[in-house]
Amino acid sequence: MRLPNFGIMVAAGASLLLAVSTLHAETFGDPPTSGFGKPIAEPDLALWDIDIQTPTGKGLPAGEGTVAHGAEVFAERCEACHGEKAEGGPMYGTMVGGIGSMDKNPRVLTPGSMYPYAPILFDYVRRAMPLDAPQSLTTEEVYSVVGYIYHLNGLVEADAKVNAKTLTELKMHNRDAFIVDDRPDTKAERCMTDCQPIGTVADAQKK
Amino acid sequence: MEVEDLKIEPGRANAKPGDRAADFAENTPPGEQIKPTRRSFLRGSVIAAGAAATGVAGASRSSAEALPVPESSMAMGDPIPEKGYGMPIEFEEHVKRHRTDVLVNKQNFSDWSMTPLQHQTGIITPNGLFFERHHNGVARIDPEQHRLVIHGLVEQPLVFTMSDLMRYPSVSRFHFLECSGNGLTDWTKAASTTVQQSHGLLSCAQWTGVPLSWLLAEAGVKPEAKWVMFEGADGSGHLRSIPIEKVMDDALLAYGQNGEMLRAEQGYPIRAIFPGWEGNTNVKWLRRIKLVDQPDQIRGETARYSDPMPGGKWRQFSMVMECKSVITSPSGGMSLKGPGLYEIQGFAWSGNGKVTNVDITLDGGRTWQEAQLEDPVLDKCLTRFRYRWNWEGGPAKIASRAVDSTGYVQPTVEDLARVREITGFVQHHNGIFPWAVSQTGEVTNAIA
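Here the protein sequences come in this chain order: H and Y. The first sequence begins at 1 in this note's numbering and counts up one residue at a time. The second sequence begins at 208 in this note's numbering and counts up one residue at a time.
What the hints contain is simulated information worked out from the structure, not anything from laboratory work. Hints may contain errors.
With a straight-line Cα cutoff of 25 Å, these simulated PhoX-like cross-link-like pairs (lysine-lysine) come out [unchecked claim]:
(1) H:K104 to Y:K520
(2) Y:K433 to H:K38
(3) H:K187 to Y:K520
(4) H:K206 to Y:K520
(5) H:K206 to Y:K604
Predicted model only: the values in this text are computed from it and were never measured.
Work out the full structure, taking the sequences as your base and the hints as a guide.
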């Protein structure tokens, strides 16, 4: 018989749907009994494994750079967007200064003022910069340009060696400024009558 | 003439969806206007349909003119193309994503474009209107070449092709996505003129894919793994560290969006979905998952996607998008055409569960009435609400306030500013968002 029995199919489908939706109310259900991933060895992932555990510096590669070379790399690869001496250019604002501005308004956010751990800049430049050719800088170039930007922020001496050890040991001003999510931080009431009118940010700052 | 066409008719609540094109055409950029002749034609039908359907008592209505036979009734339609991807009719061409026109970046690679929520008729955002936020443009990846890796603190590092991933049993879930920066231009001043600009970094879709917990189990999670790093294959190598509890709870590896494969802008061929969590955690073009004992604390977890707090502090890993709502009609840039019945419509959502209630105020928050929620009301998903309003013609200040299944009540920006520091680029704006309606019916942003 070629024609399916729609009555039976609908009934079976409905009960199946019910079972599945009950199951999915709490969970996706049991994992499949077989998988399709192919084993790969960690060394074969070396070119992909580029993230750095920035508080410890774990993942920073061997090699080092200098502030002087960083200035050259910056002029060639970064300055067109970030401006001379990283003080802001046609595309982006300054990457220099702002240390000590965190309790002021506005806060001036730069790698020097904002980053809690110095290796953050290495991780970011290596993976994402320059915008038009990410992952094109050598390890030595990344260390150098990172050193140059921190030097412009007064955090690294002009003759410093920039490497895994010095970056990890560099104490950043904003290190202790972070608190982990502690929301909900408001307790609004569901007032229905005789309520306060909807307030503004200015109202909060007034009181 | 143009201005007349832009107004919302009283009683439009029962008019057909297509009417919205004319009602909201004020958001159409110059040069993209619908031809006036067709607009006038549409407008005529709306008035007729609205008047006939609603029967609003007291509204002064003159009789409509005799109706000619429409041209479409006396002609063949378009032939069915041999093949093609269907696109909206030309009269809806003004319904588009827009880059912000409030905070304009000088480049459009690390940038965003916003969903026209004022045109969204249901809880699902069409894929071509889904908001975008990229950190270095839209990567275009050949699925045949793409590989996904799971490694780090696992028993066996694994690599997957797309065809491997699509062999797994699949699940589909409806979830909103909202950028943590949604609304950041509108804390201390009413900068945005439309809801697209103030709230358009928000969209909702049905996502299809594989539970991430299944793949992690296959690789064998070591007990010391507490966080999971997700990294994209785009030019920014965008990455975020996610607590393993969230990954094992309801996270998806999604390849499907609203019944088709992901759009390139949404991370084709595969992305992470962390239901209810800020958009940037849902890493697109996903290439690498690494199990680790602590978060990497990279730029996106410290200098970006953190919230200024009093005393020079920063709140980090604030990834849940808390309960929020907004009225999308009437909303900024629209105008009401005379007193009468208007249906207030909008969306509510919560990253912490389901929306349980939405209240509406017409008087700036002094009194509130409960709106009707429209089924389906789903976990971490846009929920549509409706409220029938008989506008008597005076000034009004309208807003919505949502409550979620944890009992959390959407705060005002005043409430938020009491506990957070509103300075610079402030994210996680889930404040109640009022729209002012003037004596003559113009609707404007009233957040400040």
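Q | Hint consistency between K206 (chain H) and K520 (chain Y) [alpha-carbon to alpha-carbon, up to 25 Å] | A | 21 Å, holds
(Q) For K104 (chain H) and K520 (chain Y), compute the direct alpha-carbon distance and say whether it is at most 25 Å. (A) 11 Å, holds
Q) Quick one, are K433 (chain Y) and K38 (chain H) close enough, alpha carbons at most 25 Å? A) Holds. K433 (chain Y) to K38 (chain H) sits at ~24 Å (cutoff 25 Å).
**Q.** Given hint K604 (chain Y) paired with K206 (chain H) - CA-CA distance at most 25 Å
**A.** 22 Å, holds
Q.
Next pair to validate is K187 (chain H) with K520 (chain Y); report whether the Cα-Cα distance is within 25 Å.
A. 21 Å, holds
Violated hints are absent here; each numbered hint is respected by the structure.
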